[in-house]
Amino acid sequence: MADLIPDLGAAAGWLPLVFMIVMGLAILAYVVLDGYDLGVGLLIALATDAEKDTMIASIGPFWDANETWLVLGVGILLVAFPYAHGMVLGALYLPVAVMLIGLTLRGVAFDFRVKAQAHHKVLWNRAFVAGSLLAALAQGYMLGRLVTGFDDDGWSRAFAALIAVCLASGYAMLGATWLVLKTDGGLQRRAIAWARRSVLLLALGVAAVSAATPLVSREIFEKWFGLQNLIVLWPIPVMTGVFFFIAYRALRRLPLRLDNDNNYGDWVPFATTIGIFGMAFHGLAYSLFPYIVLNRMTIWEAAAAPESLMFILVGTLLVLPVNVGYTIYAYRVFRGKTRELTYY
Amino acid sequence: MNDVLLLSRLQFAANISFHILFPMISIALAWVLLFFKWRHNRTGDPRWMGAYRLWVKVFALTFALGVVSGITMSFQFGTNWPGFMETVGNIAGPLLAYEVLTAFFLEATFLGIMLFGFNRVSNRMHTVATLLVAIGTSLSAFWILALISWMHTPAGFEMRDGVAHAVDWWAVIFNPSFPYRFVHTLLASFLTVAFLLAGLSAFRISRGDETPAARSALRVGVIMASVFAPLQIAAGDLHGLNTLEHQPAKVAAMEALWESRAGAPLVLFALPDDERRENRFALEVPYGAALILRHDPDGELSGIDRFPDAAPPVAPVFWAFRIMVGTGLLMLAVAWAAAWQLRRRRSVSATTRRLLTWMTFSGWVGVLTGWYTTEIGRQPFLVQGVLRTADAVTTVPAGNVAVTLAGYLVLYAVLIIAYVSVVFHLARQASTADAKRGEPKAHGPAVLPSQLAGEHAHG
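Chains as they are written, first to last, in the working numbering: chain A, 1 to 344; chain B, 1001 to 1459.
This is chain B alone, in the form it adopts within the complex (with noise of 0.2 Å):
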């Protein structure tokens, strides 16, 4: 693998990477602020609003990152990988267009309506514009799902002269593996802000802050997290299926499955060795594989042997897989734990509120490692089967890519720490403005002016 293509892919991942970690809070946030707002209409409990004013600014946080690391993303098909727009432009292009003005100005421009209108536009007009928010960050995920999709089972088109020409729009944007995608990724963003809800309150409820607004949203939290985490696993499933039937060579990575075989056994631990081709120290359950993808003991499935120069690296697929996996079994357990707790004794322990505040941002090691698996699982092709990765990578010197992957490195890091310690610090903050405004009266005023300097924000 020559520098350039390496430096580019390692920039391309390490942008992406910091890139969805922010989408991924957003969607499901974006609907969890409407429900909170609608509680807070229909009920007129100022413990809905008291959370709300939390996480409007968690969202208005998460929301600028997304925004900025976005438009990195917007450059980065260009300065990278040209060869991606001048193959497969036609496709790739009318679906980042309709994005850009469908979803981007949509969800940007009620973002100030709803983080700061609250005063100018009428009680309504506050809902919708969060409503239209909220629309507009999921029709985002759409789109570029639908994009994203069309790379790993791409459908719908021809190639004319090396060139990828739209024959059936229906069929570009609805291709085999898209709707698996996207149920899949909407859930885990549920997910994310499901452990995030939770984990960010049971912090506070941990530092002696027992407001009905903390509570509520650790209530939101854990019940959000018990019912999706079960849902995620089985879209989980049928999206492996779905793989399994369009990119087999995938499936024989997250298996390690090197030689094509029937009753395939189920690999649980391995050190995949792709120079010599065989698994290392393997623990397995015998016809595991064999069962779970083709629900039959002595099912056929195909190995890496199958996909000679079209079969991705085994061992990155093969732990990324395990470790998401493993995130969603844990997450699984401790949300179920907390639910029943919660249903026991209408709180949660000690050691539960410690779990979840150590899982606050779990769903971000979901999210990476699943996407590491579908993404390195694509490789050696860009666009699958059309587009070969290496063919698609940038001209410009090694050097140049080297220094600005240093510069994006840096940055990043940086901004994770301080995204992180200011979420903590925000939950902190209003925990502090919760007590000295002291426990909300049952039915208090429709509204709560923020009366406390510290909660002016202005940005």
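Bound conformation, chain A alone (with noise of 0.2 Å):
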């Protein structure tokens, strides 16, 4: 692996690396941000009308901006990988197609199902619903299809298809305790009994693709099972388990202190839930780096130009901060329960 890593001291060296960091945090952002909404939107399909309306509120004000990190992650791969960008959106053609019309139909579902005629509005949630299921499946889709290095055998699209089906519990997970913190009364109860179900489809899902990521992929295995590799990543799967416990303890407990008016700890399932996303992450990266195609592409022969990203960089220091801070304003705006939306 060490001769696949170029002098680290050069621009041409360094760069692609940044890059690579600054693409992962930035479809990690997404993965989490997106994640809950698009979670939200799958479960619209459990929900009565009303709560329909609330849990849609909730997500609202967010998710336009929430969607843009999926551009700048596709941006980055797009800008600082251009050699990548091609072979990866090539291969994946089709779950990305699947993945736009999902977007776009949720995108509009949106708006359309509160603007539009009150008989179109049921029609709107559907698609709402349908959008939201889509744009989930293809993304696992295409997680799994990464992981594989694109081989075109049945079993590592059989892996592809269990991806996709984890991905999207994991986003109904984020969904629901998203909800657990945003929203009060039935609903929240609701979303608690939503949330105990996914952690355990979710549990499941990881536990499917830890077994079986080693067997579709021996280079894997290999980064993995080895016994100096083992002490260094203990801490990736231990602390997977801690979260998944810390949030099934949290499912459970809550609903006795909601009794007592008491909205204490809200939050934890949700944040514990993107801990364990955050560990899924770290494991996948550490698993594909220093590859950007795996086996095929490394991120130093996908990078564009030093002098391309140079220029880039230096508008990303100065800008992404800046962009965070009025992020986090714009959640602290909307922060507490959610209430009716309304324009005025």
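Source of the hints: derived by calculation from the structure; they are not laboratory data. Check before you lean on any hint, since a few could be wrong.
Short derived list, chain A residues pointing at chain B, Cβ under 7 Å [to be verified]:
(1) 68
(2) 75
(3) 79
(4) 94
(5) 312
(6) 325
(7) 327
(8) 332
Glycine included, every Cβ here is placed at the ideal spot set by N, Cα and C.
Put the two chains together into one complex; each comes in its own frame, and the hints tell you how they fit.
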């Protein structure tokens, strides 16, 4: 592996590494942020009409900005790793199209469902759920294809399908715990029940993926199961387990506290779910590095010219902290339990 | 032309045509909303808040469509034109990155506060959020038009091993066609919104809604249209002269000029025949093209013959250009007629209102045909003189492209119909709501809380 990594002192060495980290963080931010609103989109299928309105109000002010992280993630792939961009998106042509159609459907259903004629609302609600489901499944499928290096045999495709279901249940978990944090009353109780179901599904999924990954990819197996690697890597599975435990316990205790009008700890399930996603992402990043397309192209082979990367890096360092700053500001403006959204 | 190339071009054209409809509204509409807000802050007149209330919903809907179709665009570069990023990624990448970093996050984040934050932040902060959204939309236009212009008039770079490398970023961004294209596009956006405002307000008034909110929005729309239409024609002329200097083949196609000659006529109507390289049924004004483009009846113009294997198809460019100019002239005539009536009688006649209502989305016709003129006019190149479209196309099977193309087309057709009908539905709803609220007092409360359940919006 060492021979794959060039001199990191030179600009052509460290710049791609920096952009890989920025791209990774952007994709993680996307998965967590759009993940909870996609998850809410999935759960809409289970909710009553009044609950639907509150659920959508809880994500209304944020979803536009959440999806922008996807544009940033793909943007960096496009900009910093132009040679991988074509290869990755060419190989994922159909799932990408499915995801885009899904994202389009749900993005517009959001607005149409309250602005269109009343009798069309049911239709747009369905489009919202369908779009969220398509996008979540397509993203999971793409992730699965990426992990197997776009192998075309049946096992690899089945593995990708498994990840698709896992990611969708992960999003459902994020969405449910977001609702636990952002709503109250009957909806909050329902969200707890949804979260308790999806936490089991997600745990099952993570276990299955962990078991299957080494089977479909020999390289990844070797990376994880050498002795010295295990010593360094054990925190990842252990922390994941701890987060699952805390989330599960919090979801069991919350209803008792809510009976006494005590909202203490309503943020814990959401925060630990983010932790689970963070750990999974970390493990994935370790599995792939230094490749951007497994076994075919390293991040350095895929990178754009150093002078172009430098030009973007300056802007990124100047602008991204500002973006993060006003994103936090926007979340603070809409902090607390969701109230009905009005334009005034 | 092979199948994948044709299908990829059709798919990209479908996606970008659909996408551009919405930014062209949201860019100028953001500034119009800021104007409504500013007027309300200054005068306390509730009519401006009434106008804001309707138009902010149209904005939210438009913006959402722009965002989701824009996400599609960011993927299409890689899925359909991998050769584009591989060859000019060092130039295109940073421009796109700056668009995302400086514009997308800004507009998307403050949109939430602008739409739903009125009760949660101060009025001043709400106005600032509206301003930041407006700046974001225009900044986004700045970066993407810098890139598009660079594809027409590349500058500030050198080719090394078949890959473009930037040597002067200032020259890359402010490339020769950028200032013209930027102004022409922004004016197009304002003109599109002017007719949207005027058309929808005329529709409301025709339905018996004589509220100050509807009348003021009509007035703003008509004044905007009558100011921006002539400015746009002037800007378009300058843009055309710039194109003549840098992309003469495109101008030859726009004028359907097959052979280079002095004193070329202006072809008013013709059926250009790309096979036989001649015009059928031509109706011409002698020396017209030479006069317009060279300001000299004996001026020399290059024809298609001077660009063997490097000229665009003539018929689509010729027709797109004529429809665009025709739309522009019609807009000018209608705008001035309406402005004249407003000045004389403080209202517009029923006929003019009907005309304005029919022309609610006329801006889209001008935008799309203008877009086709310039983009088809750049063919067979993707980046003028640097990269041919055929060399950048994807290698995915044609079947995949065909299937997804069909999917996109169905989706877009449904969404355009839904968008237009919902915009008119919102206008009807606003009229009903304003009527129930009654005529606002001359100086009502500074903030009108919306009391009507029907007005609560969640998305």
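Okay, the hints, checked on the actual structure:
For the restraint placing residue 68 of chain A at the interface with chain B, the shortest Cβ-Cβ distance is roughly 5 Å, inside the 7 Å limit, so the hint holds. Interface restraint check for residue 75 of chain A: the shortest CB-CB distance to chain B comes to about 5 Å, inside 7 Å, so the restraint holds. For residue 79 of chain A, the interface hint holds, the least distance from its beta-carbon to any beta-carbon of chain B being 3 Å, beneath 7 Å. Evaluation of the residue 94 of chain A hint against chain B yields a held restraint, the C-beta minimum of about 6 Å falling below 7 Å.
Hint on residue 312 of chain A holds. Least Cβ distance to chain B is approximately 5 Å, under the 7 Å limit. For residue 325 of chain A, the interface hint is violated, since its Cβ never comes within 7 Å of a Cβ in chain B; the closest pair sits about 10 Å apart. Because the closest C-beta pair between residue 327 of chain A and chain B is about 6 Å apart, less than 7 Å, the hint holds. Interface restraint check for residue 332 of chain A: the shortest CB-CB distance to chain B comes to about 10 Å, outside 7 Å, so the restraint is violated.
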